[in-house]
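A.B. asks: Sequence:
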Amino acid sequence: GGLVPESKTLYVTVDACCARITWVPSNVCIAESQGLIPEGSKQWYSSNDMLSCQQDCIGEAPCGGLATWQRLHADATTCCKVSLYWVDEA
5 GGLVPESKTL YVTVDACCAR ITWVPSNVCI AESQGLIPEG SKQWYSSNDM LSCQQDCIGE
65 APCGGLATWQ RLHADATTCC KVSLYWVDEA
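Heads up, the final residue of the sequence shown is numbered 94 in our numbering, and it's a clean run with no missing numbers.
Hints are not guaranteed to be accurate.
Stated by the list, open to error - List time: in silico SDA-like cross-link candidates among lysine to any residue, alpha-carbon distance up to 25 Å:
no. : residue 1 : residue 2
1   : 46        : 84
2   : 46        : 28
3   : 46        : 67
4   : 85        : 62
5   : 12        : 24
6   : 46        : 12
7   : 46        : 92
8   : 12        : 26
9   : 12        : 33
10  : 12        : 34
11  : 46        : 30
12  : 12        : 30
13  : 85        : 56
14  : 46        : 19
15  : 46        : 72
16  : 85        : 72
17  : 46        : 23
18  : 46        : 69
19  : 12        : 56
20  : 85        : 24
21  : 12        : 36
For the record, the hints were derived by calculation from the structure and aren't laboratory data.
Given the sequences, and given the hints that come with them, work out the whole structure.
C.D. replies: This is the structure:
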C-alpha cells in the first residue's frame with residue numbers, strides 16, 4: 005500500500021502492466037494481480053523429464069501444471085512430434 009514512488013511506472017490496466025513483465029506468462033500475471041488463481045492455456049508442452057507431453061493446466065493428468073518457459077503446442081500429437089521427436093510412440 006501507500007504512494008507509488010516517482011521512479012515506478014503506473015499502468016492504466018493490469019493487462020498493460022503484465023505485457024511489460026515478459027518473464028511471467030500473461031495469464032498468470034493477470035490472474036495473480038487480481039487475487040485470482042491462474043488458469044492454464046490448455047495447450048501442451050514437453051515435461052521436464054522430456055519424455056512426455058503435458059497440458060498447461062492445474063489438476064489431474066494430463067495437466068502438468070502451468071507452463072512458464074516451455075514452448076506451447078495446440079495438441080498433444082503436435083507437442084510430441086515437435087518437442088519429443090526422438091521418443092518412440094507408445
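A.B. asks: None of the hints should be skipped; say for each whether it holds.
C.D. replies: Structure-based check of each hint:
For the proposed pair residue 46 and residue 84, the alpha carbon gap of about 15 Å is at most 25 Å, so the pair holds. Taking the CA atoms of residue 46 and residue 28, the gap is near 17 Å; set against the 25 Å cutoff, the hint holds. Taking the CA atoms of residue 46 and residue 67, the gap is near 8 Å; set against the 25 Å cutoff, the hint holds. Proposed proximity of residue 85 and residue 62 is supported: the alpha carbons are some 24 Å apart, at most 25 Å.
For the hint pairing residue 12 with residue 24, the CA-to-CA distance comes to about 13 Å; that is within 25 Å, so the pair holds. In summary, the hint linking residue 46 to residue 12 is not supported, as the alpha carbons are separated by about 34 Å, beyond the 25 Å threshold. For the hint linking residue 46 to residue 92, the alpha-carbon distance of about 24 Å falls within 25 Å, and the restraint holds. Under the criterion of a C-alpha separation no larger than 25 Å, the hint pairing residue 12 with residue 26 is consistent with the structure, at around 17 Å.
For the hint pairing residue 12 with residue 33, the CA-to-CA distance comes to about 18 Å; that is within 25 Å, so the pair holds. At roughly 19 Å between alpha-carbon atoms, residue 12 and residue 34 fall within 25 Å of each other, so this suggested pair holds. With a CA separation close to 14 Å, the supplied pair residue 46 and residue 30 stays within the 25 Å bound. A threshold of 25 Å between alpha carbons decides the hint, and for residue 12 with residue 30 the separation of about 20 Å falls inside it, so the pair holds.
At roughly 11 Å between alpha-carbon atoms, residue 85 and residue 56 fall within 25 Å of each other, so this suggested pair holds. Of the supplied pair hints, the one linking residue 46 and residue 19 holds, its CA atoms being roughly 20 Å apart against a limit of 25 Å. About 13 Å separates the Cα atoms of residue 46 and residue 72, which keeps this hinted pair within 25 Å; it holds. With a C-alpha separation of about 21 Å, the suggested pairing of residue 85 with residue 72 holds against the 25 Å cut-off.
Distance restraint check for residue 46 and residue 23: the Cα-Cα separation of roughly 20 Å lies within the 25 Å cut-off, and the hinted pair is therefore satisfied. The straight-line distance between the Cα atoms of residue 46 and residue 69 is roughly 10 Å, inside the 25 Å bound, and the hint therefore holds. Between residue 12 and residue 56, the direct Cα distance comes to roughly 42 Å. Violation of the 25 Å bound is thereby established for this hinted pair. Note on residue 85 and residue 24: the hinted pairing is violated, with a Cα-Cα distance of about 32 Å set against a maximum of 25 Å.
About 20 Å separates the Cα atoms of residue 12 and residue 36, which keeps this hinted pair within 25 Å; it holds.
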